[in-house]
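**Student:** Chain residues, written in single-letter form:
Protein chains: 2
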Amino acid sequence: MRVEIWSDVACPWCYIGKARFEQGLEAFAHKDDVEVVFRSFELDPSLPKGTVSDVIPMLAKKYGMSLEQAHQAEARVAANAHDTGLDYILGAHDVGNTFDMHRLIHFAAEQGRQKELVGILFANHFADERSLFDDTRLLELAVEAGLDKDEAAAVLADETRYADAVRADEREAAMLGATGVPFFVLDRKFGVSGGQPAEVFTQALEEAWAARTPALKVVGEAPEGAVCGPDGCEIP
Amino acid sequence: MRVEIWSDVACPWCYIGKARFEQGLEAFAHKDDVEVVFRSFELDPSLPKGTVSDVIPMLAKKYGMSLEQAHQAEARVAANAHDTGLDYILGAHDVGNTFDMHRLIHFAAEQGRQKELVGILFANHFADERSLFDDTRLLELAVEAGLDKDEAAAVLADETRYADAVRADEREAAMLGATGVPFFVLDRKFGVSGGQPAEVFTQALEEAWAARTPALKVVGEAPEGAVCGPDGCEIP
Chain Z
304 MRVEIWSDVA
314 CPWCYIGKAR
324 FEQGLEAFAH
334 KDDVEVVFRS
344 FELDPSLPKG
354 TVSDVIPMLA
364 KKYGMSLEQA
374 HQAEARVAAN
384 AHDTGLDYIL
394 GAHDVGNTFD
404 MHRLIHFAAE
414 QGRQKELVGI
424 LFANHFADER
434 SLFDDTRLLE
444 LAVEAGLDKD
454 EAAAVLADET
464 RYADAVRADE
474 REAAMLGATG
484 VPFFVLDRKF
494 GVSGGQPAEV
504 FTQALEEAWA
514 ARTPALKVVG
524 EAPEGAVCGP
534 DGCEIP
Chain X
304 MRVEIWSDVA
314 CPWCYIGKAR
324 FEQGLEAFAH
334 KDDVEVVFRS
344 FELDPSLPKG
354 TVSDVIPMLA
364 KKYGMSLEQA
374 HQAEARVAAN
384 AHDTGLDYIL
394 GAHDVGNTFD
404 MHRLIHFAAE
414 QGRQKELVGI
424 LFANHFADER
434 SLFDDTRLLE
444 LAVEAGLDKD
454 EAAAVLADET
464 RYADAVRADE
474 REAAMLGATG
484 VPFFVLDRKF
494 GVSGGQPAEV
504 FTQALEEAWA
514 ARTPALKVVG
524 EAPEGAVCGP
534 DGCEIP
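Heads up: the protein sequence lines correspond to chains Z and X, in order. Using the numbering used here, the first residue of the first sequence is number 304, and each one after it goes up by one. Using the numbering used here, the first residue of the second sequence is number 304, and each one after it goes up by one.
Pulled out of the complex, with its shape left as it was, chain Z reads as follows:
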């Protein structure tokens, strides 16, 4: 079974939702048969690269709140993170363009290190005061995730690499009806939107599991002898 998770490192509910999904998965009887793939979704693709703001002033400005109100809003997110068992330093993260992180996550997938990199990026964004909007820092974390430093640096330096893969994920999210993240898709048949409680993820996994023997629509007809089976290949 396959679960695709559209998310953005900049999204606190993605950080929380990913942890709740993992808790829900842990309680699922067939967890060893579940493959998890991370997909790209930029919360704000219009942010120019290099423009970084602290989260609380950004929230205040964006929603016309006082700094105190923005701080309270952040505190509610932090409380949800803490309740989920996650580290979260209130107000410590910044906000910027995440396209390069998404490209790097696609490179990591190709190297079999996607899960590691996504986990490290989320944890560092929300529970470490150092900014991720910095190629040197990003590269350190890529190495921590098991990626080759030179290869990861080459990916970061060339904006065209994995750019199509990021865009393709975003087009797919739109086609699947996602308008926000986190967005979880199970076997392309069931969807869960948002950082739901762990039990909802377990339930979704169980529903998808029960529905997982689809009747495939057969295309074409095998010419005689074009298949090999347990008793050997047909002799045409």
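Careful, some of the hints might be misleading.
The list cannot tell twin chains apart, which means a pair is met if one copy fits it or any two copies do.
Claimed, not checked - For lysine-lysine, the following DSS-like pairs were computed, each having C-alpha atoms within a straight-line distance of at most 27 Å:
id : residue 1 : residue 2
1  : 492       : 334
2  : 365       : 520
3  : 452       : 418
4  : 418       : 520
5  : 520       : 492
6  : 365       : 418
7  : 520       : 352
8  : 418       : 334
9  : 364       : 352
10 : 492       : 452
11 : 364       : 452
12 : 334       : 352
13 : 418       : 364
The hints are simulated quantities; they were obtained by calculation from the structure and are not laboratory data. None of these values were measured; they are calculated from a predicted model.
Using the hints, position chain X against chain Z.
**Tutor:** Relative to the frame of chain Z, chain X by itself:
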């Protein structure tokens, strides 16, 4: 879009079918949006490791044919391979237990080298007289596919590694109704069985593409504020 291909290196129609699928994919307008994953299916899991037979005597014995008839059957497979543009040395390959190759293919997937390894194994099994049922040779080919030699050797040496992944693929094949290989599954909605002509694969890709915006069944309801969207995260 995602295509899963259940196959076995020991299966000549898998070698031919893979090439025809690739030709069909080449003619498909959205080929860049297609992800291909190889899945395990052992033609004969009962063969003990270390027992290897030449193909023509094996065919003769299995089907109660003369060696001449077995040679003719092999010749028909070879002719199909040649017509598909593939190298194929008539009667040169041997037959044995492929479990270790499947485990190695799963390791390669984790390293982002699955496509390379599968292509190299098929080409060498059917168009090179050296046997693949030999850890030294298998390791050479793993390195040729871009895998680390020591890591690949460690996988081959430990029969438990990726064994569950191979078994899980085989259970899924059974659940999807596959009794022989190659077996192609598009987005878990369309199936193609056998080494069909390239046009059948193009047609299947087109049908799957047209059907690729599924209505997801929504599980759970997002609590207010558990989603981040293009305008930022909801403030609960």
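**Student:** It remains to establish, for every hint, whether it holds in the given structure.
**Tutor:** Here is how each hint holds up against the structure:
no.	hint	verdict
1	492 with 334	both (18 Å within a copy, 23 Å between copies)
2	365 with 520	neither (49 Å within a copy, 33 Å between copies)
3	452 with 418	both (17 Å within a copy, 24 Å between copies)
4	418 with 520	between (33 Å within a copy, 26 Å between copies)
5	520 with 492	both (16 Å within a copy, 6 Å between copies)
6	365 with 418	neither (32 Å within a copy, 46 Å between copies)
7	520 with 352	neither (45 Å within a copy, 36 Å between copies)
8	418 with 334	both (15 Å within a copy, 26 Å between copies)
9	364 with 352	within (19 Å within a copy, 68 Å between copies)
10	492 with 452	neither (38 Å within a copy, 40 Å between copies)
11	364 with 452	neither (37 Å within a copy, 55 Å between copies)
12	334 with 352	neither (38 Å within a copy, 30 Å between copies)
13	418 with 364	neither (34 Å within a copy, 49 Å between copies)
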